[in-house]
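**Student:** Let's have the full structure, built from the sequences with the hints guiding it.
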Amino acid sequence: MENATRMIEFIQANRGQLLQEWVEKMSSMDEQKLSTVITDQVYTNVGDEYINILVHDLINQDKQAKNKMRDFSQKLVQLGWNLNFIMDSLMEFSKIMFFHMVGEASEKEQIEFGWAYDKWVTPINKEVLNHYASSWQRTVSLQKIALQELSAPLIPIFDNITVMPLVGTIDTDRAKRIMENLLQGVVKHHAQVVLIDITGVPVVDTMVAHHIIQASEAVRLVGAKCLIVGIRPEIAQTIVNLGINLNQVVTKNSLQKGVAAALEMTNRKIVSVGE
Amino acid sequence: MNGRIPILKLYNCLLISIQWELDDQTALQFQEDLLSKIHETGVGGVVIDLTSVDVIDSFIAKVLGDVVSMSHLMGAKVVLTGIQPAVAITLVELGIHLQDVRTALDLEKGLETLQRELGE
Numbered sequence: 001m002e003n004a005t006r007m008i009e010f011i012q013a014n015r016g017q018l019l020q021e022w023v024e025k026m027s028s029m030d031e032q033k034l035s036t037v038i039t040d041q042v043y044t045n046v047g048d049e050y051i052n053i054l055v056h057d058l059i060n061q062d063k064q065a066k067n068k069m070r071d072f073s074q075k076l077v078q079l080g081w082n083l084n085f086i087m088d089s090l091m092e093f094s095k096i097m098f099f100h101m102v103g104e105a106s107e108k109e110q111i112e113f114g115w116a117y118d119k120w121v122t123p124i125n126k127e128v129l130n131h132y133a134s135s136w137q138r139t140v141s142l143q144k145i146a147l148q149e150l151s152a153p154l155i156p157i158f159d160n161i162t163v164m165p166l167v168g169t170i171d172t173d174r175a176k177r178i179m180e181n182l183l184q185g186v187v188k189h190h191a192q193v194v195l196i197d198i199t200g201v202p203v204v205d206t207m208v209a210h211h212i213i214q215a216s217e218a219v220r221l222v223g224a225k226c227l228i229v230g231i232r233p234e235i236a237q238t239i240v241n242l243g244i245n246l247n248q249v250v251t252k253n254s255l256q257k258g259v260a261a262a263l264e265m266t267n268r269k270i271v272s273v274g275e
Numbered sequence: 001m002n003g004r005i006p007i008l009k010l011y012n013c014l015l016i017s018i019q020w021e022l023d024d025q026t027a028l029q030f031q032e033d034l035l036s037k038i039h040e041t042g043v044g045g046v047v048i049d050l051t052s053v054d055v056i057d058s059f060i061a062k063v064l065g066d067v068v069s070m071s072h073l074m075g076a077k078v079v080l081t082g083i084q085p086a087v088a089i090t091l092v093e094l095g096i097h098l099q100d101v102r103t104a105l106d107l108e109k110g111l112e113t114l115q116r117e118l119g120e
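First to last, the protein sequences are chains A and B.
If you're matching positions, the first sequence starts at 1 in this note's numbering and goes up one per residue.
If you're matching positions, the second sequence starts at 1 in this note's numbering and goes up one per residue.
Do not rely on the hints blindly, as some may be mistaken.
[Claimed, not checked] Partner residues are not named here, just some residues of chain A that face chain B (Cβ under 10 Å, in silico):
hint : residue
1    : 183
2    : 192
3    : 213
4    : 218
[As the list claims (entries may be wrong)] Partner residues aside, some chain B positions facing chain A, computed with beta carbon under 8 Å:
hint : residue
5    : 81
6    : 88
7    : 98
8    : 103
9    : 107
It is worth saying that the hints were derived from the structure and are not from the lab.
Quantities reported herein were computed from a predicted structural model and do not represent experimental measurements.
Even for Gly, the Cβ is constructed at its ideal location relative to N, Cα and C.
**Tutor:** Below, the structure is given as structure tokens:
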């Protein structure tokens with residue numbers, strides 16, 4: 001482990017210089033993207049912390065080092081730097097270290113040192129990368145859950161009448177969920193009429209229309225009636241231009257008209273109570 | 001389980017509740033039984049309750065569709081009730097739409113529908 005002790009000594013001796021060079025490199029690499037947002041101070045802090053971790057890891061390879069690493073990666077993620085930049089920076093530091101330390105060593109020593117250094121620093125970099133990736137994955141899955149929650153709510157508005165407002169684009173996954181929610185909701189609420197409101201659906205293509213038709217068929221099989229409401233002019237145009245046949249389905253242009261029709265179907269109407 | 005499906009007469013309706021998964025043989029047997037029962041009793045309506053059926057394959061669906069058309073020919077109106085959401089999804093995905101079949105949410109609503117139609 002003489003290489004290790006050499007490295008520690010070297011880092012401790014030349015810390016200031018290393019850091020300065022590294023920070024310069026980082027800010028020059030990053031000219032276009034982030035430098036307006038990130039000050040040199042931030043680079044210095046981050047760099048300093050990274051070096052701390054390296055040294056700490058080298059001296060005592062224990063659990064604390066792992067924890068420190070985790071904190072550090074979390075911090076990096078929070079800073080919102082892109083992964084590419086982070087990896088480049090870490091590589092850059094390795095390069096700087098290497099050049100400084102093997103200045104006038106023989107080739108064999110260079111290789112030996114390079115090997116030792118690599119063995120030491122790769123797990124650390126990998127850890128950073130891992131954390132970055134996993135936190136990213138977590139974010140994506142959280143957003144997916146949030147999206148699922150928002151995906152297909154079913155709202156009972158009167159006895160036996162429920163509304164499902166759809167907002168946003170519909171893909172196959174979502175269509176499936178919509179269908180399931182719709183049918184389960186119909187059974188649960190004892191709905192006789194279900195209104196699917198597509199006011200918030202920006203594009204209705206053949207696929208979406210197909211899903212909507214399927215949903216309304218399924219609703220009919222379960223024993224309720226399905227109305228499609230909120231057909232905007234441009235949607236009507238697309239539907240006809242695509243040659244989609246919606247004759248089987250009752251359609252209305254607004255939720256209001258749909259509700260009126262639904263009440264009529266269940267033999268009810270709204271009257272004003274004035275004299 | 002291979003047995004006959006009981007067909008009950010209730011005023012001017014026939015009441016069938018299918019309580020287990022139908023196999024092909026039972027389904028065909030049921031088709032014959034129902035038609036002869038309609039002939040025998042001369043009822044005006046039939047309610048087939050599918051609440052406890054979790055799976056319907058394309059053959060069973062075809063038989064059900066056939067039964068509905070056949071009963072119609074014999075002058076009896078048929079209502080299918082209590083089709084489970086999962087079953088409905090499967091049927092639609094199989095492309096079986098049971099186009100001219102009346103459906104209702106549960107047995108009660110099915111009988112109401114039938115009474116209304118027969119009353120008119």
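**Student:** Take the hints in turn and mark each one as holding or not.
**Tutor:** Verification of the hints:
1. 183: holds, 3 Å
2. 192: At 7 Å from the nearest chain B Cβ, residue 192 of chain A passes the 10 Å test, so the hint holds.
3. 213: Holds, because the Cβ-Cβ distance from residue 213 of chain A to chain B comes to roughly 9 Å (cut-off 10 Å).
4. 218: holds, 4 Å
5. 81: Holds - the Cβ of residue 81 of chain B comes within 8 Å of chain A, reaching about 6 Å at its closest.
6. 88: holds, 4 Å
7. 98: holds, 6 Å
8. 103: holds, 4 Å
9. 107: Where the cut-off is 8 Å and the nearest Cβ of chain A is about 10 Å from residue 107 of chain B, the hint is violated.
Of the numbered hints listed earlier, the single one contradicted by the structure is hint 9.
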